[in-house]
Amino acid sequence: MSAGQERVTFPPSSVVDFVVVGSGAAGGIMAKELSTKGFSVVVLEQGPRLSPTDFAHDEFKYIQQNALCNSEPVSWRQTPAEKAEVGAGVVQYARIVGGSSVHMTANFWRFRPIDFHEASKLGTISGTALADWPISYEDLEPYYTKVDWEIGVSGAPGPGDPPRSRPYPMPPLPVKSSGVLFERGARKLGWNPTPAPMAINSTAFNGRPPCQNCGFCMGFGCEYGAKGSSLAAAIPLAEKTGKCEVRPNSYVTRVEADDRGRATGVIYFDEKKQEQRQRARAVVLCANGAETPRLLLNSATPAFPQGLANSSGMVGKHLMMNGGAAVSAIYEHPLNDYKGVQVTRLALDWYDSDPRRGFYGGGGLDGRIDANYPIFFAESNLPPGVPRWGAEFKRFVAHGFSRQMTVLAHSTSLPVADNSITLDPTVRDAWGMPILRVTYRDHDDDLKMMHFLQARAVELHEAAGAQQQWSIPVVVQNWAVHLLGTCRMGNDARTSVIDKYHRTHDVKNLFLCDGSSFVTSGRGQPTMTIMALAFRAGEKIADFAQRNEI
Amino acid sequence: MFDSTTSRRAFLVAAGVGGAAWLLRDTAAVHQALEYAGGAVRRTPAPAFATLSPDEALQLAAVAERIIPSEDGPGAREAGVIFFSDRALGSFAAAELPLVRQGLADLDARARHLPGAIPFDKLEASQQDALLREVEAEPFFDAFRRLTIVGMFANPSWGGNRDEVGWKLLGFEPRMVHQPPFGYYDAQAMQEHKA
Numbered sequence: 001m002s003a004g005q006e007r008v009t010f011p012p013s014s015v016v017d018f019v020v021v022g023s024g025a026a027g028g029i030m031a032k033e034l035s036t037k038g039f040s041v042v043v044l045e046q047g048p049r050l051s052p053t054d055f056a057h058d059e060f061k062y063i064q065q066n067a068l069c070n071s072e073p074v075s076w077r078q079t080p081a082e083k084a085e086v087g088a089g090v091v092q093y094a095r096i097v098g099g100s101s102v103h104m105t106a107n108f109w110r111f112r113p114i115d116f117h118e119a120s121k122l123g124t125i126s127g128t129a130l131a132d133w134p135i136s137y138e139d140l141e142p143y144y145t146k147v148d149w150e151i152g153v154s155g156a157p158g159p160g161d162p163p164r165s166r167p168y169p170m171p172p173l174p175v176k177s178s179g180v181l182f183e184r185g186a187r188k189l190g191w192n193p194t195p196a197p198m199a200i201n202s203t204a205f206n207g208r209p210p211c212q213n214c215g216f217c218m219g220f221g222c223e224y225g226a227k228g229s230s231l232a233a234a235i236p237l238a239e240k241t242g243k244c245e246v247r248p249n250s251y252v253t254r255v256e257a258d259d260r261g262r263a264t265g266v267i268y269f270d271e272k273k274q275e276q277r278q279r280a281r282a283v284v285l286c287a288n289g290a291e292t293p294r295l296l297l298n299s300a301t302p303a304f305p306q307g308l309a310n311s312s313g314m315v316g317k318h319l320m321m322n323g324g325a326a327v328s329a330i331y332e333h334p335l336n337d338y339k340g341v342q343v344t345r346l347a348l349d350w351y352d353s354d355p356r357r358g359f360y361g362g363g364g365l366d367g368r369i370d371a372n373y374p375i376f377f378a379e380s381n382l383p384p385g386v387p388r389w390g391a392e393f394k395r396f397v398a399h400g401f402s403r404q405m406t407v408l409a410h411s412t413s414l415p416v417a418d419n420s421i422t423l424d425p426t427v428r429d430a431w432g433m434p435i436l437r438v439t440y441r442d443h444d445d446d447l448k449m450m451h452f453l454q455a456r457a458v459e460l461h462e463a464a465g466a467q468q469q470w471s472i473p474v475v476v477q478n479w480a481v482h483l484l485g486t487c488r489m490g491n492d493a494r495t496s497v498i499d500k501y502h503r504t505h506d507v508k509n510l511f512l513c514d515g516s517s518f519v520t521s522g523r524g525q526p527t528m529t530i531m532a533l534a535f536r537a538g539e540k541i542a543d544f545a546q547r548n549e550i
Numbered sequence: 001m002f003d004s005t006t007s008r009r010a011f012l013v014a015a016g017v018g019g020a021a022w023l024l025r026d027t028a029a030v031h032q033a034l035e036y037a038g039g040a041v042r043r044t045p046a047p048a049f050a051t052l053s054p055d056e057a058l059q060l061a062a063v064a065e066r067i068i069p070s071e072d073g074p075g076a077r078e079a080g081v082i083f084f085s086d087r088a089l090g091s092f093a094a095a096e097l098p099l100v101r102q103g104l105a106d107l108d109a110r111a112r113h114l115p116g117a118i119p120f121d122k123l124e125a126s127q128q129d130a131l132l133r134e135v136e137a138e139p140f141f142d143a144f145r146r147l148t149i150v151g152m153f154a155n156p157s158w159g160g161n162r163d164e165v166g167w168k169l170l171g172f173e174p175r176m177v178h179q180p181p182f183g184y185y186d187a188q189a190m191q192e193h194k195a
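If you're matching them up, the sequences are chains A and B in order.
So the first sequence is numbered by this note's numbering: it starts at 1 and just counts up by one.
So the second sequence is numbered by this note's numbering: it starts at 1 and just counts up by one.
Rather than coming from a laboratory, the hints here were simulated on the basis of the structure.
All C-beta atoms in this analysis are idealised placements derived from N, C-alpha and C, irrespective of residue type, glycine included.
Among the clues, some could well be false.
[Claimed, not checked] Some, not all, of what chain A presents toward chain B, calculated at C-beta under 7 angstroms:
1) P174
2) K176
3) L181
Sequences and hints are given; from them, build the entire structure.
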């Protein structure tokens with residue numbers, strides 16, 4: 001936005017074309033797509049609006065204190081038979097304009113064709129709802145390319161990559177010592193390491209500067225605007241149209257529907273905790289895979305007793321979080337891996353599920369600093385046997401900090417109906433809304449895949465010449481960051497919540513687009529696909545609106 | 001986006017094992033505390049402690065100096081960890097103050113059982129270490145340890161890490177811009193590539 005140009009504002013009493021709930025990876029792009037097609041858009045965001053000058057290199061504030069993240073309690077249990085307890089698990093997302101795309105690591109792998117039709121290929125898996133997507137990789141490819149070129153992705157083609165219609169717009173970021181060691185070890189083992197595709201500028205691009213290698217990406221906002229968050233790369237374009245207002249500190253609690261079963265707008269609390277109503281011709285929820293189902297479930301009416309758009313009973317079901325595992329190591333010489341972007345090399349040699357492993361699953365590995373900034377490393381990343389305090393502790397951290405590297409595994413989650421987001425029956429948040437209740441236990445195959453990849457990470461460190469390495473134990477996950485699958489897309493209104501154009505089966509002018517739309521989890525990095533879905537959905541929804549089909 | 005394994009670990013650290021989570025909800029109070037603590041470490045003589053009594057501060061400082069001793073270079077003492085701890089326990093870590101006080105009382109009782117019956121800070125380093133080993137599984141020890149590590153390695157704006165001695169110990173350079181090569185192995189690869 002040029003100096004002096006006023007941002008447009010709409011009085012809450014006005015009826016806008018679209019109200020978009022959430023301004024993250026999906027909401028920011030949705031707002032840009034709809035407003036650039038000429039529609040009036042109000043984006044309601046729970047959190048504040050920060051600018052790049054508000055961000056800082058402050059580990060304690062952003063890693064230990066989660067200053068950018070949501071803070072309401074969440075209740076958690078592993079199975080529906082248990083009572084969910086507050087504090088037994090956490091759902092974490094960045095509550096700011098730009099959402100979690102602001103603090104993301106920016107690993108931007110595309111999904112591969114297999115992710116969209118794995119059920120057909122493998123057959124059903126008992127106890128799960130593994131299903132094909134109603135769209136194919138080919139349907140989504142043009143929109144992955146839009147993410148590459150409009151948001152900005154740095155990378156180079158690698159073996160096993162899915163087909164792409166245009167090359168990467170920017171070359172890979174400079175390889176770090178972790179990338180060199182990763183590549184060295186992987187080649188020795190006969191694997192296929194490849195430069196990591198990152199939504200971080202390696203060159204000046206689209207009016208934004210290149211990365212300065214400051215090293216504060218994961219968990220931090222980028223001071224330079226080099227990271228392709230929707231705050232840096234999409235929302236400014238939406239606002240420039242003069243048709244889009246992003247309204248921060250707006251906590252949406254309900255979607256309203258009329259007697260004819262049409263959405264009429266949303267109810268939200270403003271900054272002063274005053275209840276407001278924003279009316280709109282259509283509603284688009286991009287609130288993330290936990291908050292989108294919570295909103296629908298909290299919007300029950302006599303006509304929609306199970307929650308809005310939930311005639312299938314599928315709203316909130318099939319929560320997937322992706323699997324993960326970590327192995328840290330110390331090398332002979334300093335890597336200084338805190339400099340530069342998190343990840344510069346990865347290997348996806350285990351992408352496809354392989355029946356010879358004896359279980360379902362796929363994934364990959366990358367090399368990185370992980371969260372091992374000074375405080376985190378000293379406090380929590382000590383190998384077994386190193387004292388936790390005293391002279392020997394001090395010698396270890398002084399020697400090890402610059403020489404450390406972590407290999408992180410990323411993997412599939414199976415869709416299991418009991419794994420879900422529901423409304424907690426008793427606990428309410430500060431706005432009076434029932435808190436998120438999570439029911440989640442990783443499928444046994446998911447846990448086996450995490451163990452499998454952790455064993456590969458150990459081999460990698462060995463082959464790369466690590467002097468000392470230690471594994472972080474694989475456990476049943478109680479920490480949801482990737483929030484996927486809870487309003488799945490499908491052709492059958494009895495088994496899915498939205499159609500392939502992101503329109504809810506039940507409410508013609510209500511659309512959902514975020515991680516909740518996923519049918520399968522992919523192999524661990526969902527944000528690229530969330531953005532691609534948002535570009536596609538935005539285009540389709542604008543087409544419907546132009547044809548008066550909403 | 002955060003990896004779940006990573007942020008779960010980060011959370012476990014932040015929440016502590018025995019203590020309450022440190023929260024930054026009351027931002028005004030935190031800013032006030034920060035401003036004070038940031039200035040306090042630079043002032044000579046050091047200003048009075050705001051939360052701890054002078055004796056509590058003396059004992060807690062003695063504990064911190066065994067957790068990160070000043071052997072082989074600056075430790076908790078040179079980093080001014082105690083100034084960080086004092087203000088932290090009066091603001092965002094206030095929930096841990098009772099635990100810290102309980103720990104100091106426990107250590108004091110143990111110290112006074114030793115021959116000489118003197119306070120913890122007057123003991124020889126080896127005696128202090130022996131006492132701390134006795135209590136290292138106690139929740140209050142985790143609180144001592146966390147205060148020390150954060151005070152040593154957090155941004156100096158939080159009131160510790162004076163002159164960035166914690167970062168210098170680790171070899172962490174807090175710059176806004178870095179240029180490759182970053183480390184030994186990428187420098188090596190760059191050389192090989194040129195050759």
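- Message: A closest beta-carbon separation below 7 angstroms is what the hint needs, so does A:P174 meet it against chain B?
- Response: 4 angstroms, holds
- Message: A closest beta-carbon separation below 7 angstroms is what the hint needs, so does A:K176 meet it against chain B?
- Response: Nearest chain B Cβ about 5 angstroms off; hint holds.
- Go through the hint on A:L181 and say holds or violated, using the shortest Cβ distance to chain B against 7 angstroms. 6 angstroms, holds
In this structure, every one of the numbered hints holds.
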